[in-house]
Structures are given as structure tokens and as C-alpha cells.
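Residue numbers (the numbering used here), protein chains in the order written: chain A, 647 to 922; chain B, 8 to 384; chain C, 1129 to 1197.
Keep in mind the hints are simulated off the structure, nothing from the lab.
Where is the CB? At the ideal position from N, CA and C, for every residue including glycine.
No false leads were mixed into what you were given.
Some residues of chain A that are not near chain B, with every Cβ distance over 12 Å (derived): (1) Gln651; (2) Cys667; (3) Thr777; (4) Asn858; (5) Ser860; (6) Gln865; (7) Ser873.
Cut-off 27 Å, straight-line C-alpha distance, at most; resulting in silico cross-link-like pairs (DSS-like, lysine-lysine): (8) B:Lys191 to A:Lys917; (9) A:Lys655 to A:Lys690; (10) A:Lys871 to C:Lys1165; (11) B:Lys308 to B:Lys333; (12) C:Lys1176 to A:Lys871; (13) C:Lys1176 to A:Lys833; (14) A:Lys830 to C:Lys1130; (15) B:Lys300 to B:Lys380; (16) C:Lys1176 to A:Lys655; (17) A:Lys655 to C:Lys1165; (18) A:Lys830 to A:Lys692; (19) A:Lys655 to C:Lys1130; (20) C:Lys1165 to A:Lys660; (21) A:Lys871 to C:Lys1156; (22) A:Lys900 to A:Lys839; (23) B:Lys354 to B:Lys380; (24) A:Lys830 to A:Lys899; (25) A:Lys859 to C:Lys1165; (26) A:Lys899 to A:Lys839; (27) A:Lys917 to B:Lys50; (28) A:Lys692 to A:Lys660.
Not everything, but these chain A residues come out facing chain B in the computed CB check (under 7 Å): (29) Lys692; (30) Asp710; (31) Asn712; (32) Thr713; (33) Asn752; (34) Ile912; (35) Leu916.
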Amino acid sequence: MRSSQLVEKYFRTKNLPHIWCPGCSLGIATRSLVVAIDELGLDKNKTVIVSGIGCSSRAVGYLDFNTIHTTHGRALAFATGVKLANPELHVIVISGDGDASAIGGNHLIHAARRNIDLTLLIFNNNIYGMTGGQFSPTTPHAALGTTAPFGVVEQPFDLVKLAEGAGATYVARGTAFHVNPLVKYYKNAIEHKGFSMVETICICPTYYGRQNKSGTAVQMMHWLKDSFVLNTAYDKMPEEKRQGKHVYGEFVKKDLPEYVEEYVGIIERLKGEEDA
Amino acid sequence: MSKAVLMQGNWACVEGALYAGMRFYSGYPITPSTEIAELSAQKLPLYGGKFIQMEDEISGIAAAIGASISGTKSMTATSGPGFSLKQENIGYAAMTEVPLVIVNVMRVGPSTGLPTASSQADIMQARFGSHGDYPIIAVSPNSVTETFTLTVRAFNLAEKYRTPVMFLTDETIGHAREPIVLPKPGELPIYDRVQPADGEEYMPFRVEPGEIVPRMPAYGRGFRYNMSGLFHTETGFPSNSPENAQAQIDRMFAKIYDNVDDIVTYEEFELDDAELVFVTYGSTSRSVIPAIKSLRKQGYKVGMFRAITLWPSPAKQIEALAERVKHIVVAEMNRGQYLQEVARLVKGKVPVTHIGRANSEILLPSEIEALAKEVLS
Amino acid sequence: MKREDLQLLQKREWCKGCGICVAFCPTKVLIIDTDDKVTIANEDACIKCRQCEQRCPDYAIFLEEASDV
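All chains should be modelled from the sequences, with the hints used to inform the complete structure.
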């Protein structure tokens, strides 16, 4: 029995089923990316997907594109070289919360500041899954991790505000439950000229859920459904109804000079001066 | 006859890289390598190439690897602390077999050390700096002219053997200004990585018959494959199989060590009847040569073996030296790094003495001469 | 493609039995069987909304024209 036409077209089906745990939503986010790519009609041969290290970064092994599984935290830096050296390529980076905002945090803020035409998808499951459940920069305050057995003492990053503050010109947050808007954000991010970041709130039933008594995968998906509110709706909600709610939606959409175009402009200007 | 121009070593490195076809440079400013970034920033856009100053040393090498994967000859340059920071991704480039030139303008360490002063103390780090077991090529020039030609060669070796190549120069050569006659286009051979033909049936990490390394198509050409720092099979996809890991690492070592005669270059000076031989490399050879000339005038039978390729080491040649000379002196600006490799090869057949220090002061010909007399007496 | 031509299909060997498709199916078409895999138990009730396909982490259930399979 074959899988769906979409999966057959864009996945390396020989490598499936994937290594992710039952109920892990990384598979949902990865499929949503493929739907976005399909709807945009990107050429597989001209699309490069780069990842770092961690559960989310294993996605590239399953995707039938030009793929690079790099070192921990450095995917954006590798991707910067790919894009600048060959601007005709669409370059998409898949990263996790630890990969993108802890070990790779410096590259995140600088890629955003540079406004280079890359799309960063952070699959945020609020935990280090691959290594067995240590707290990450997005694990909520007081939640449990194997390295925070008495609760996380730190405050978490808000990745949307981080990317916005660093200068990203397209910023959105979706969830693995709200798939249709998620696909829309992925499409808008890929089409956006400049640095785009979409945070996808994912669930990790095995390493986050068990420690924090979050319930089954189904219960965690219900939590995404019930606690995430579209930003435009949230803005209209009375204060008392906002308790315990989180927002998703598009937060930044602006045009600023894009790095690669600016650089190519310099090459062309110099060429013009030479010819003159 | 072309006119000679006056140029510092770091500039000659950039000129050599451009000659070899470098069209991408990424890095982070660090003394005493910064002129390489500066000249690359100035020149690359004139060649239609790209320069990018990254946010740190790690991304400096990462972007260069990414550019190379997309089919562009790439280089990064650094010094001391930056070389330490780049080590993880050097291992990545070795594992994924990505051609790349990494320049290390060596300065005194450890740590911040003596930032603008010369040293040759990253020799073992160049060989073994990243974790795990992997082969590497490292070369070291001793003049501005050789900085140019050896940079070209470093790119050729990187492309031919699909490997990161360490270009180990130092502050002395990097900042030395010497006249150089720049080679004309076509004068030096240029090697480009072998790519599969359009539509060719392609297995990303399989070596085709009669070839040395797997073919490497630029990303975007239509060969959609996977690069991973995990051990991978011929398909490019990860595998935990010990048999596969063994086969892949054996192949990676073999591509270098089965071709040592092609990779290794060296210079011999006054070796024919030498009883004492200085084994040296890079800038220190510039102090050894006048010492030998002076000693020869006084009747001492001394000579020099200068390794131009440090890794893989010129093992056959050093082993042969141990059979015919009476003393070997390793001269280098450190407390005995290449000494370890030379002693390993000599196997106690002749005494091996070391002259070196790592305090920024270059070895003087007079000191070298004095040591030779002491050893020979 | 017309909605009525679509049929609910499975790639059963990829199913890891997480139950997400079962939980969010608006018309309760699906169950997890004794093998811990999804089974189409009430196909007639399927309204072809694709919520199962969109949220299946394992690409084990999807809607397509049956003739293609």
C-alpha cells in the first residue's frame, strides 16, 4: 500500500516511518511544510532544507529535497552560505527550540538582523527531546525537566518577540493543532523577501508530557486547541478571559532591504563602474 | 617578464585563493589574519564572488561549508582562538567530505596568548583538533610567493580529495612584505571537484571506478541528496551500523593515505652529504637556511628538510633520513609538536633534538647554528 | 477533485497508534484497534474534512481517489 500522493512526491518514503515517538507533532509540522511547498509550487531541485541537531532536525532525512543535516545550532549559518553563494535557491531551515535559541541563539539574532532571505521554522516542543527531556530556553518557568527536577528557575524566551526584536521582517507563530493557519504562515514566510521566522508550538508527549503530567498526545493536542488564540481575537478579549491563553498568528510583516539583493547590487554596481 | 609587486603574505593568500577560483569567503575578524578578510571583502565582489562577515568564528566556517556545498570554492581564515572555535565544523567538513580551505595565521597561545605575535603551535590541533578519528591535509608556506602558490594548491587538494585543507601560515609570513611575481592565468594548474553529469544515476557517497572520492554535484543541480555529520551509507542517509562506519572511515583515510605521494611536498636543502638535518617548516625555515649556509662555510655537514605538507606527514622521506644521517634537529616555534611526529617516524634510529620556543620570539640563525655545533661536538 | 470521489485510505504499517486522528475526527469514523493501529470503523460517517490527514504525525491516514491506490 502506498502513502498519499503528497507524501510520495515530497518525502523520501524509503526512510519512513520516521524515528519520532507516537504522538510527537514534529511529523505534523513537517507535513505542513510540504503542503506549503506544494501549494507554492517550489521546484524540489531548487529548494534546500537545512537543519541542525535534535529531534526536529531529523526532518531533513525524510524530505526529498537538497538537504543538509548540520551541526548543533549552526543550521542558519550553513544556510547563509548556501543562499549567498547561490541566490536562486530557496533555503528553508528547520530547527528546534534548543537548536535555534540556545546553542544557535547568536545565529538566530544575526540572521534576523541581516535580513537575509532565509525561512527559519522553529519546531518548539519546549524541551530537549533527543537527549531525554532536559529543559530548554522555552520550557516554561517552574515546569519540570530532567535537569530541572525541582522546576525551571529561569524565565523562557518568547521566540516571536526575540525574532522581532532582532529585526526579522516576517514573524509568525502557529501550532501543530491549527494546521490550516500554520500552512498559511509557512507559505507567507517562504514567499517573504527577507528573513522570516515561524515558530510552531509542538507537543512532546514522551519527554515533556510525562515529566509534567501533561497527559496523552491527544490531551496535549487538546491543550493546544483550547489555550491558543489567534492574536486578532486575543486583542478583542476582555482581560479576565485572557488568563492562561497564548497567542498565535502573524506578528511582523515588513519590507526592508534584503541582504543578498543588496550584495548582488554591489556586484552589479562595481561591474557597471568597470564597464564604464 | 612580469613585474614583481610588493605584498604581504596575507594578501598573497587572497590573491592565490582568487586565482584558484575562490568565490566565497566568510569569517570573523581576528589578528593576525584580518587582512585576509579585508582583502577578500574588497576583491570578491569584483570577481562576482561573495564575502560575508559572520557573527562569530563558528558561523564563519559554517557559512563557508554551506557555500561549498552549493558548488562554490570557499575559504575562511582565522587565528589561534578562532581556530579552536572552528574545530567542530572542521570535523563536519571532514565527515561530509566538503572541499574547503581553512587558513590559520598562527599566533601565540594558549588562549588569547600574544595576539599579534608569531607562533607555530597549532600543528597538532590542525591534525587532531576536532573530535573523532579523521584524516586531514595541512600545508605550510615559508614565503609570500609560496603563500600564493600553496594557497592555489590547498584549493586543488581540497577539491581533488573532497576534504578541508588547513593552511598553516603564521604571523611572520602573514605580515612579511616580499616581492612576488604573480602567476598568469593558466600558469598554475587548477583542479575542480568532479561532478556527475546531468541525468547521471547518482549515489552520493559512492566512489566511481578509477576515481578517488565520490562525485559532488552542486546543490540545486537536480541531485537531491542528503549531507549529514552522522555516519552515513553511500546513500548519504544515517546508519548506526558498525560495519558501515568502519567502511566509511576506512575509505576517508584511504583517500588521503593511499595518495600521500601526490599530496606530500617538501623541500630539501644541502642534504646530499648532511650528517645533521634540520627538519622544519614554515617561517622557521627562514632562520634555518642562513644557519646552514654559515655552518657549511665552517665545514659542518648540515642540511634541511622542510615539510611543505605537514599532514599527512612526509613519513617515507623522514624515515629515509633516519637511515642515512647522524642527527636530526626539529626546529619549530613551539615546545615540541612536530617533534612528536618526527620522533615517531625516526623510531630511535638516530638522536632527535628539538629547538623551539613559544614566546613570540622567532628562532635566530645564530641560536640554530650554536645548537648544531653543540650536537655535532 | 470532487469531494465525493475521495476515499479514506491508510498506510497502516506507519501508524503508531497515538489516537490524534481518532480524537479530532468530528464524526467519529476512526478507532484504535487491538493492534494499537487506526482502523476505519464507520466510513459512511466520513465527511472528508481531512482533519485526520492534517494531524496524523505519521502520514498513516489520508484522503484520495481510491482508484489511484
